[in-house]
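2 protein chains.
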Amino acid sequence: MKLLKVDTLNEAREKLLAAVPQNLMKCERKALLQSLGCVLAEDLQSEENIPGFRKSTVDGYAVRASDTQGVTDSIPVFLDVIEEVAMGVAPKESVKAGQAVYVPTGGMIPEGADAMAMVEYCEKFDERSIAVYEPVSAGRNIITAGEDIKAGQVFLPRGCKLSPREIGVLASAGIHQPLVFKPWRVTVISTGDELVDAQAIPASGQVRDINTYSLSAAASRQGFEVAGMEVLRDDASLIESAVRKAMQTSDLVVMSGGSSQGEKDYTADVMDRLADPGVFTHGIALKPGKPTILGYDEKTKTILAGLPGHPAAALLVFELVIGWLYRKLTGQNEPVAVPARITENVAAAGGKTTCLLVELQRCGDLDGAGNRAVRNDALVRTPSSFQTSAADQKSAALQNDAPCVYRAVPVFGKSGLMTTLTRADGYVLIDMDAEGLTEGQQVSVTLF
Amino acid sequence: MKLLKVDTLNEAREKLLAAVPQNLMKCERKALLQSLGCVLAEDLQSEENIPGFRKSTVDGYAVRASDTQGVTDSIPVFLDVIEEVAMGVAPKESVKAGQAVYVPTGGMIPEGADAMAMVEYCEKFDERSIAVYEPVSAGRNIITAGEDIKAGQVFLPRGCKLSPREIGVLASAGIHQPLVFKPWRVTVISTGDELVDAQAIPASGQVRDINTYSLSAAASRQGFEVAGMEVLRDDASLIESAVRKAMQTSDLVVMSGGSSQGEKDYTADVMDRLADPGVFTHGIALKPGKPTILGYDEKTKTILAGLPGHPAAALLVFELVIGWLYRKLTGQNEPVAVPARITENVAAAGGKTTCLLVELQRCGDLDGAGNRAVRNDALVRTPSSFQTSAADQKSAALQNDAPCVYRAVPVFGKSGLMTTLTRADGYVLIDMDAEGLTEGQQVSVTLF
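Taken in sequence, the protein lines are chains H and G. Here the first sequence is numbered in my numbering, starting from 3 and rising by one per residue. Here the second sequence is numbered in my numbering, starting from 3 and rising by one per residue.
Simulated from the structure, these hints should not be mistaken for laboratory data.
Pairs involving identical chains hold if they fit within one copy or between any two copies, as the list cannot separate such chains.
35 Å max Cα-Cα, derived DSBU-like pairs, lysine-lysine:
# : residue 1 : residue 2
1 : Lys289    : Lys17
2 : Lys126    : Lys292
3 : Lys152    : Lys416
4 : Lys32     : Lys247
5 : Lys28     : Lys289
6 : Lys17     : Lys303
7 : Lys32     : Lys184
8 : Lys416    : Lys247
9 : Lys289    : Lys98
With the hints as extra help, turn the sequences into a complete structure.
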């Protein structure tokens, strides 16, 4: 039985990484706003200083710091206002001792000045003079030229996923068409005689197809482009022609179902017939997720993945293997894992990496409702009352002031159940050699 | 000076929440895959049991558990195979003592059987009989009818943000057009005489416009629809006509720049002239983010926000105020905050909530490179080598087995600097009444 010669999760990952060519990822230039969520494909260096000039971070007066030494509310310093700098315009004058120049927030600092006195601490006498009531130190309220980005400096590295923050940095550097990795084109194929479309009413023994929807959504969230979705009966020739067609148009073909020991599990055979070198992983020592088949075809440069039919297991393997590979090839880091303490003893599955689903609960929970702070919370709804409840305020305070430490409550359930997955906020990987988890032990929860 | 009468962050949030009507959010039905990332607008109850029948989680034989009691490798039990159930078809026979029925993974369990013996532990003699070498307990390898979702049960609550997991659950329940909240239409207006387009080369004193890009990206990431982006000179009439136009088409008008004390800061006046009741928050006791103006217009049902001109501050306030309001109105929970220990003493800004930017570093870092595990890592790139480095393997191991605990390293920098924001992985809110942070103190880091 092929499935007994399974790889460990790390073996499967390394085989996959070794099977694909280093030049697999293609690049493309995208308009700045369209590049949100894309992964930068090159180190970005700035050709210029950003900002290109000394600018003020406040509305006020550019002065010589030395002129303000020792001034107080009762003993201000009086300065001559020699110019008012307009936004976007370079100052004409240079500031000498006893002089000041009005500069608005973001305005350019004139020569000679080395600090900005905030308007709140200045009093205007007439057009020509002010009193300054607070001393300012040199450099105060000033951003120097190149303080944000120095010319020649790598300010965004390859592998950086573009969030609104990076979009802003790109705009500031005048990069309006960043070079990003071309997302994979993916075809998702779900096989099974029992499957009916999500819109149909299943007859006895039938179930609605889940995996084309959940895996396509997972692909979209990775940034992939879904090239096709197909639900097929367990028919070797049907599957073979669908996969052959998909290999022409897709970088990744994800099949689900038909990857285990059943009499109608054609996935591996089809992949071996169509792909060269073909299948290199027949099963992963992962619970859930054992019936996972991985292969590659060099001619069409297509990654082939046969995922478990169980929807929850399929999603987990997609994240742990396909998501991992994509992050690796694009130089992204692995997602952050939230430290938490496990609430009960959990036995490890001998010889397998266990993917334990957990729900995160804040410790010392004040409203006792297992108030959770996780984005995609599927069970606990915040009060729909539009007035913030006392509990809300407390837990908000808790989140703001007090350290927020989490309990990880195992969510047990068969891998065929989707709702166990939506009940969970994330998962803990228990190493195959580990003895399991002991109540109170600290674990790393990778968020969904 | 209006800006000296500032609200606390919570006051500003509560005023905003009180200003908008409870029926502000509109709903719409979206095709299942298009609803990824949308927020569910109603509690979802299932009309049927999911699954609708008892199904097998393995390939094997449906048996009576009692028949397998006490069997071993050397003393198996012999059972008559009376039927082979096909996928998607209901069994004809009922299993009696001494009988078994072949059922593939996901297949329907026949009457009479109460457990599944995995094919791996069965030996087939002929078409009519098998030997079972391992005892199975009642219910083993079986998902009962309604075990995933019971008829009438609320399986997804209002306020749940739809991830691939929820998409899968919706598919399983046959909901192909979920009711979700209609995302806000947003117009982003950036004002400043110094601003030039991202594609231009700024002259001395000029800077490229950042905020229309970064704030539009932030809006897109919230799921909002960007209705318009405008960069305007600081001209009261220009701004007024742009805002008036935007109020007709948008649920939210976000302005940046012109919200502080400068002589050309028209935002508040324009908002008060156009909106009724108009501006209710003139500044927030938040660092950075003080020059924030919030208002509402009942006639056009438009939220008006004047954000700081500093790009980093503008993004933070957008997340802390606008993002908060949207999550509140749609019943979403606040994002998870990662527990970490602060690496140095940090003074609090007296009388202000401080939003401290921090970089997360894993403690006991093995490769010493401050190896970070955060998604949008902007500084540390993973080795581009396609072979996993030893350090990588160690840190991977670290992430999988060892508890992953983080150091929060403050990222200091003026709020005008975008790169301070991309260096940071998240932020810590220091309460206005807090004394600041002490080295080693535990904090909650909200990830960007």
